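2 protein chains.
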Amino acid sequence: MGDKEDFISRVNDLYRFEAIQGHLGWDQETIMPAKGAKSRGEILAWLAAQRHNRLIDPELGELISRLENQNLEDYFAANVREMRRKYDEAVKLPVEFVSEFTKARSEALIAWQKARSESDFSLFSSHLENMISLTRKRIEYLGCEHTPYDVLLDEYEVGMTVEDYDPLFAGLKARLVPLLNKIMNSGVEIPRLPEHMTFPADAQELFCNKVSIAMGFDFEAGRMDRSTHPFCAGLWPDDTRFTTRFDEKDPFSCLYAVMHESGHGLYEQGLPRDHSYSPVGMAVSLGVHESQSRFWENQIGRTAAFWKIAMPWFKEQFPDCPDWDNETLDLIANEVKPDFIRVEADEITYNLHIMVRYEIEKMIFNGSLEVKDIPKTWNRMMNEWFGIEVPNDSLGCLQDIHWSMGAFGYFPTYTLGNLYAAQLLQTMSVELGDIDDIISSGDWSGMLDWLREKIHDKGSVMTPAELIESATGSKPSPEPFLNYVETKYSKLYNL
Amino acid sequence: MGDKEDFISRVNDLYRFEAIQGHLGWDQETIMPAKGAKSRGEILAWLAAQRHNRLIDPELGELISRLENQNLEDYFAANVREMRRKYDEAVKLPVEFVSEFTKARSEALIAWQKARSESDFSLFSSHLENMISLTRKRIEYLGCEHTPYDVLLDEYEVGMTVEDYDPLFAGLKARLVPLLNKIMNSGVEIPRLPEHMTFPADAQELFCNKVSIAMGFDFEAGRMDRSTHPFCAGLWPDDTRFTTRFDEKDPFSCLYAVMHESGHGLYEQGLPRDHSYSPVGMAVSLGVHESQSRFWENQIGRTAAFWKIAMPWFKEQFPDCPDWDNETLDLIANEVKPDFIRVEADEITYNLHIMVRYEIEKMIFNGSLEVKDIPKTWNRMMNEWFGIEVPNDSLGCLQDIHWSMGAFGYFPTYTLGNLYAAQLLQTMSVELGDIDDIISSGDWSGMLDWLREKIHDKGSVMTPAELIESATGSKPSPEPFLNYVETKYSKLYNL
Chain A
1 MGDKEDFISR
11 VNDLYRFEAI
21 QGHLGWDQET
31 IMPAKGAKSR
41 GEILAWLAAQ
51 RHNRLIDPEL
61 GELISRLENQ
71 NLEDYFAANV
81 REMRRKYDEA
91 VKLPVEFVSE
101 FTKARSEALI
111 AWQKARSESD
121 FSLFSSHLEN
131 MISLTRKRIE
141 YLGCEHTPYD
151 VLLDEYEVGM
161 TVEDYDPLFA
171 GLKARLVPLL
181 NKIMNSGVEI
191 PRLPEHMTFP
201 ADAQELFCNK
211 VSIAMGFDFE
221 AGRMDRSTHP
231 FCAGLWPDDT
241 RFTTRFDEKD
251 PFSCLYAVMH
261 ESGHGLYEQG
271 LPRDHSYSPV
281 GMAVSLGVHE
291 SQSRFWENQI
301 GRTAAFWKIA
311 MPWFKEQFPD
321 CPDWDNETLD
331 LIANEVKPDF
341 IRVEADEITY
351 NLHIMVRYEI
361 EKMIFNGSLE
371 VKDIPKTWNR
381 MMNEWFGIEV
391 PNDSLGCLQD
401 IHWSMGAFGY
411 FPTYTLGNLY
421 AAQLLQTMSV
431 ELGDIDDIIS
441 SGDWSGMLDW
451 LREKIHDKGS
461 VMTPAELIES
471 ATGSKPSPEP
481 FLNYVETKYS
491 KLYNL
Chain B
1001 MGDKEDFISR
1011 VNDLYRFEAI
1021 QGHLGWDQET
1031 IMPAKGAKSR
1041 GEILAWLAAQ
1051 RHNRLIDPEL
1061 GELISRLENQ
1071 NLEDYFAANV
1081 REMRRKYDEA
1091 VKLPVEFVSE
1101 FTKARSEALI
1111 AWQKARSESD
1121 FSLFSSHLEN
1131 MISLTRKRIE
1141 YLGCEHTPYD
1151 VLLDEYEVGM
1161 TVEDYDPLFA
1171 GLKARLVPLL
1181 NKIMNSGVEI
1191 PRLPEHMTFP
1201 ADAQELFCNK
1211 VSIAMGFDFE
1221 AGRMDRSTHP
1231 FCAGLWPDDT
1241 RFTTRFDEKD
1251 PFSCLYAVMH
1261 ESGHGLYEQG
1271 LPRDHSYSPV
1281 GMAVSLGVHE
1291 SQSRFWENQI
1301 GRTAAFWKIA
1311 MPWFKEQFPD
1321 CPDWDNETLD
1331 LIANEVKPDF
1341 IRVEADEITY
1351 NLHIMVRYEI
1361 EKMIFNGSLE
1371 VKDIPKTWNR
1381 MMNEWFGIEV
1391 PNDSLGCLQD
1401 IHWSMGAFGY
1411 FPTYTLGNLY
1421 AAQLLQTMSV
1431 ELGDIDDIIS
1441 SGDWSGMLDW
1451 LREKIHDKGS
1461 VMTPAELIES
1471 ATGSKPSPEP
1481 FLNYVETKYS
1491 KLYNL
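Chains as they are written, first to last, in the numbering used here: chain A, 1 to 495; chain B, 1001 to 1495.
Because the hints were derived from the structure by calculation, they are not lab data.
Here the structure is a predicted model, which means the values were calculated and not measured.
Heads up, a few of these hints could be off.
Said to hold, decoys possible - In silico lysine-lysine, DSS-like type, Cα no more than 25 Å apart, as pairs: (1) B/LYS1372 <-> A/LYS35; (2) B/LYS1372 <-> B/LYS1114; (3) A/LYS210 <-> B/LYS1035.
To be verified - Ranges between beta-carbon positions, derived for each pair: (4) B/ALA1034 <-> A/TRP324: 31 to 41 Å; (5) A/SER227 <-> B/THR1487: 43 to 53 Å; (6) B/SER1445 <-> A/GLU140: 49 to 59 Å; (7) B/LYS1114 <-> A/GLY2: 38 to 48 Å; (8) B/VAL1188 <-> A/SER227: 29 to 39 Å.
For glycine and all other residues, C-beta sits at the position ideal for the given N, C-alpha and C.
Construct all of the structure, not just a fragment, from the sequences and the given hints.
So this is what it looks like as structure tokens:
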């Protein structure tokens, strides 16, 4: 077997282990019976160890080194580059450390769940301290070129550091806060759903299915299921699964979750099949993944044009709902309100939620914030930026799962997703014509084809920034997003 | 690491691969989207290769040899004995042969599905010939002590050969055929379900769930789902899943499938957890597994005492059903009728169906029957034994999946299951008291506890025959089964 074949065969095996982990994780979150948790945890840890031992095999390291000196086609070179990154990271982390981290994370996750449900930060704080100190240790092992936090940021979106994010967030804040104030003072009243109405889950499911199919999600190559928190799992070539949840008092919550997760699902279904089970066959980054979900959820779904098409489907399931016109539905779907919970936030306040987390993480890893002071820092920022008093930590610093999993540096990728999405929309409208017209036509396949060609088909052959530049002709920038929200919300709120 | 630790660690890894295969197989049969089939087939083949390569590792062979010379506790010795059997078999089969067999099996399975749906044996015959010739090759590799068919029989129920089965089946036939004739001439009319009634699947599901819970199936450590053919998969410690299907014109079909699969599930849920992922922690044989399903389905479920308890639950879901008394329901559930399909057969004709297959398999592997003559031999036997004319091969020799999978020698274990079940019932009634009284009490936990102690807890520490003897005080025998059916059906049909 030549070096190239040997390399790809080892890489494929690694990604097969990951796919199995993904499948068992999906099952755990959706349909696993409660008592199966113990053996599921055990098998997932075993799979992680199997994968890790193969990744740190010195023979793989030697193969990578030899291949780096060869002249390889783009896709192969990208695979070698990505495997170098993964290999170096894996060999730097001692096995005992990895297993200590995994164990601490399981315990932190359980402690966080309890702390959140009882809204008691003290139940979580020692675990959070532990996760932070283990993460610091991790940064040390990996080696730190700039600030420690940069190591974390780069992990979740290759190439991004505090030097990139600081001005980006400052620029966003400078225009989003005034926009928010104008909206809040616009005096526009948002229509409410009739209090007495309920929207049965089964009917919501039928409606949402129709929307997902219209987006292009292939249900012969995927599924929709239920879970506490909606998510999408790529799982296998031609088997992509996403989840949602149903609130019988609010059908829009499920709809936009489905559009969001279907957006992720379309990306997974569109990845290049020739490169399955290798890095270039995977989604390029969390930020780009999020751009695909936010594109469909917000830029397509939260428009009057969308409701022109979707209202008859909605009426089919809920014939008793009020006769709202498309503009009213547009307003309902785009209610702006400074509130406590990130995942329920509108497009304006969403990025401010991210900034709160970014600033706090930066302070933690710069050593200027102690864990015990997180709640009061969080609450102070929410008060200053949103003008609201956080009543308890469940609605405050305990709301997100990420820190319990040691996922520090992850949040900013959500904002990148919003920015990328707006930049893609802008270019798409130049190339395909007025997007509202396309949405109103009911045939959305041109938009999907465009995303397939510019984003999905490319897998991970480029870096995220290169991919956005190749798709839009410009480097990643917050400008299209700011223009998008300023135009959209000025119109909606008569500013 | 000592030899014992090394051995157990390798064995656990092998069984972890098997459990993952089991999980992905369950998913494939229940919820996988259609287009996922290709990548699912690929990953299952990969997992099989991973497992095989670990099994044939010469270091494992050396470990087994060294441990065979040590004085080990029972459980450990049983693990070594089982692994010796598996290791020897695996190393005797060349890797190319295993992959040729796997490929041929996939193709035969697809050909069989088409042949069955079109009732055209010619579409399947060349594949069947191939499976037979590969199986002969397999027997040669494994080494044949007695007749070639014995090698196959022993594989599915260790220790059983033609010398055991021939007299057993002859004895059964000698008493079952006269009993069948008497029943057919009894003149007893079986009440019919009202033609106009339908039984919605959701209501059937609620009813069946209640029955399964009453049997003791723990739904916090398991699930019930839907699939084309009902089955049960042990899957993981504390995560056992079975399936059923719904016929809205016939609620009994689903009920008895659920009782059958729940019986399998109770065995899986009761296996010794200390020995998970090793042979002694697994079900001891197909025959014993089938005894657990048939015990609950037939001996508990198809009785008037059962209906005394279950009728109120049934009425709750189907208030419009006729007011049958328990004896009438008992008769409906125990209708005896020589018919074409094995899986729908009653307790009397069921074993005759098995004997048809056993005799044909014996002829095939003795070289006295050619594949092209299977349909007419099958039809002749059905005519002689059942007095019915097989109208087409879908209702004849194409009905079962087993031969397309190369599972020759499997069928007789179904009969063993019936015999073991009756033998267990007999001993149970001596130790616990009148079984009808226990069933009528509605508290069935004493029966489950008894099965747990005598069968489930034991895992595979003994051979199947030893286990039955340890549970009942007698060697496996057809006598209790014959007494059971003669008593039961004489009463039902006033013989």
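**Report entry** List of violated hint numbers, smallest to largest
**Finding:** 1 and 8
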